[in-house]
Amino acid sequence: MSEVRELPLVEAIKEAYQQEMERDESVFMVGQDIAGGIFPHTMGLVEQFGTDRIVDTPLAEVGMYGTAFGAAMEGFKPIVDFMFAGFFLNAASPILAQTAQFRFIHGSQMSLPMVITGACGSGMRLGNEHAMLVHNMIAQVPGIKVCMPSTPYDAKGLMISAIRDPNPVAFIWHLGTMMDRGPVPEEAYEVPLGVAEVKREGSDITLVANGIQYKNAVEVADKLEGDISVEIIDPRSVSPLDIDTILKSVDKTGRLVIVDESWDSRSTASQIAAQVVDVGFDMLDAPIRRVCIPDIPLPGGHMEPYVAPNPDAIEAAVRDVCQ
Amino acid sequence: MALGKEQMKTLYRNLVRADHFDKMMMNRIMQGKLIGFYHPGDGAMAAGVGASTFLGENDILNPHHRAHGMAYMAGKGIDVGRYLAEHTGKADGCCGGRSSFHWSFPEQKVYGASGFIGWHFCPVVGWGWASKRKGNQVVLMASGDGSYGQGGAHEAMLSAMNWKLPIIFFCENNGMAIHSTADDMHPMPDISSLAQGYGMPAVVIDGQDVFAVAETVIAARKHALAGKGPTFVEAKTVRLREHDVGTPDLARAEPRDPEYLEELKQRDPLVLATKRVLAEKVLTQKQIDKIIKEAEEEVVVVEKFADDSPIALPSIEELQAGVYA
Ligand SMILES: Cc1ncc(C[n+]2csc(CCOP(=O)(O)OP(=O)(O)O)c2C)c(N)n1
Ligand SMILES: [Mg+2]
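Chains as they are written, first to last, in the numbering used here: chain A, 1 to 323; chain B, 1 to 325.
Read the hints as simulated data drawn from the structure, not as lab findings.
For clarity, every value in this text was computed on a predicted model and none was experimentally measured.
Even for Gly, the Cβ is constructed at its ideal location relative to N, Cα and C.
There are no misleading hints in this set.
Listed next, with one range per pair, are the computed distances between beta-carbon atoms:
| no. | chain 1 | residue 1 | chain 2 | residue 2 | range |
| --- | --- | --- | --- | --- | --- |
| 1 | B | P189 | A | A316 | 58 to 66 angstroms |
| 2 | B | E297 | A | E6 | 50 to 58 angstroms |
| 3 | B | G151 | A | P240 | 27 to 35 angstroms |
Partner residues aside, some chain B positions facing chain A, computed with beta carbon under 7 angstroms:
| no. | residue |
| --- | --- |
| 4 | I35 |
| 5 | G36 |
| 6 | G89 |
| 7 | G97 |
| 8 | I117 |
| 9 | G149 |
| 10 | A177 |
| 11 | I178 |
| 12 | S180 |
| 13 | M185 |
| 14 | L250 |
| 15 | R252 |
| 16 | L319 |
| 17 | Q320 |
| 18 | V323 |
Please put together the full structure from these sequences, using the hints given.
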């Protein structure tokens with residue numbers, strides 16, 4: 001097999017857009033300043049697909065999202081880009097109150113295929129509004145799927161799955177992974193939604209992490225190698241959540257640490273912990289630890305590095321559980 | 001109403017100071033001595049200075065995001081040292097160093113910045129409502145052409161006009177919102193034409209003319225204090241550089257025309273104001289030189305204050321204690 005080329009994560013996302021837009025005329029993008037490009041994932045697309053399919057809107061999240069919402073009912077497959085994912089909150093009512101619950105409440109007669117995307121996360125010290133990860137806010141609501149890639153390979157495959165999925169899918173990506181390089185096959189492929197992956201095998205402890213926190217998890221696992229054998233699971237999707245893959249691993253290791261760049265309360269981390277205790281209480285040799293943002297707004301300034309999950313906090317939790 | 005000489009001097013001094021603060025911020029972001037990003041305001045500082053210089057102590061101010069509010073500080077007596085300390089994550093910052101660029105000075109009724117453009121269209125209704133109840137205070141709500149894309153703009157103008165709230169909708173129209181041109185994003189050339197639908201008085205003024213801006217806002221403030229309700233003031237201005245430092249300077253997907261940008265530079269507010277104060281003998285060249293020197297010295301003091309302040313590194317427990325009142 002020939003060597004697979006490497007791409008940065010943003011380029012992997014862009015390739016997914018390109019291949020799906022080439023394949024399916026009904027796919028289009030709507031957002032603010034996407035023709036010029038804020039992040040590199042949309043740069044150059046307007047030359048390729050024109051302004052009918054790379055649609056810039058005024059600074060108006062409701063109207064912008066409305067383009068996707070209504071067009072999806074008319075058979076189009078919109079990708080709506082909120083730039084910074086937190087800006088989705090301006091359109092939270094049509095997304096969470098209507099879109100997500102629309103199909104079910106109207107008798108499951110129609111589907112609303114669309115991708116809601118945006119970048120966010122700690123690392124740039126931009127303060128709560130720009131950094132805030134929104135995956136758990138969205139995942140609270142049934143009817144909308146939520147995924148977040150950790151590697152360029154998954155970014156492309158998850159985006160393709162998200163575009164092809166007949167449901168609304170939120171694809172949230174972490175700014176701290178934007179330029180991460182990794183192998184990405186040239187052809188189109190899917191990474192299934194709702195399926196976690198064991199990214200590194202280990203025997204002493206199960207460490208669950210996604211987005212930039214996956215990188216931090218790898219750093220910690222490398223550091224502890226020879227001392228503690230860490231198995232890393234990337235959930236890839238937070239809704240639906242693949243609890244089976246996590247349980248299988250915990251059954252083997254007996255220990256679990258979950259990293260989630262989010263407020264601790266009502267997070268994916270607390271959800272995983274609850275489900276593991278429900279079904280796998282007997283598998284556990286130690287209490288579960290969650291490494292999250294304490295329940296305070298994520299400050300900017302110099303506080304972000306120690307308030308957000310970080311390698312030191314992850315290592316401390318892993319050691320604590322393994323002692 | 002024509003401005004008095006003292007008023008013109010004050011405006012001129014504030015314009016020089018604002019210009020120096022903007023340059024200070026530019027230098028610092030280039031040197032990596034600022035947290036977050038910086039949206040430069042050079043060539044566009046007159047509108048904010050003119051709008052804010054003669055606000056009353058009780059007036060509520062929402063500064064425009066461009067230049068991170070630097071143009072609007074003088075009139076409200078903002079401590080720029082504590083502002084810069086905040087923007088550099090220092091313990092003496094106005095928000096304890098935790099806000100990055102989301103600064104606030106609630107004592108001066110600058111309640112706070114948000115990274116969500118147009119966020120102010122929501123609280124402005126209550127600022128106006130409370131101001132009307134209290135009397136003797138108005139709201140200056142500044143924002144850009146882009147912000148009027150937000151649906152909240154309609155809701156704010158609706159209530160403001162229904163209830164005759166003392167609000168000045170102050171729009172800095174620089175023709176751009178990141179890579180989008182106002183021509184593409186708004187069907188009408190003047191943002192203030194929106195006001196027509198509510199029967200709100202509206203004026204379009206030259207935002208490069210600090211004196212014209214001040215005259216207009218003084219009049220709008222009087223109108224509001226007299227119980228006559230809101231005014232829409234649209235100040236036409238420019239954006240000379242990229243949206244925020246380090247991003248490409250595009251209109252749609254194309255680089256902006258350098259010749260056009262050169263043309264915009266010809267109407268630099270400081271050049272215009274200097275010509276006028278000299279011509280009208282408001283200031284002598286010597287006095288101007290002194291004002292510039294004082295502004296330079298002020299920047300040194302401000303930077304020293306921020307740089308000397310320790311990095312804010314409170315414990316998680318200390319931070320938790322700040323979540324609830
Ligand atoms: C709710 C929201 N949507 C989008 C953005 C991204 N954004 C930041 S500044 C800006 C343009 C603002 O344009 P305008 O109001 O005209 O002010 P200018 O930057 O031109 O001074 C945009 C779209 C944002 N910060 N908040
Ligand atoms: Mg603008």
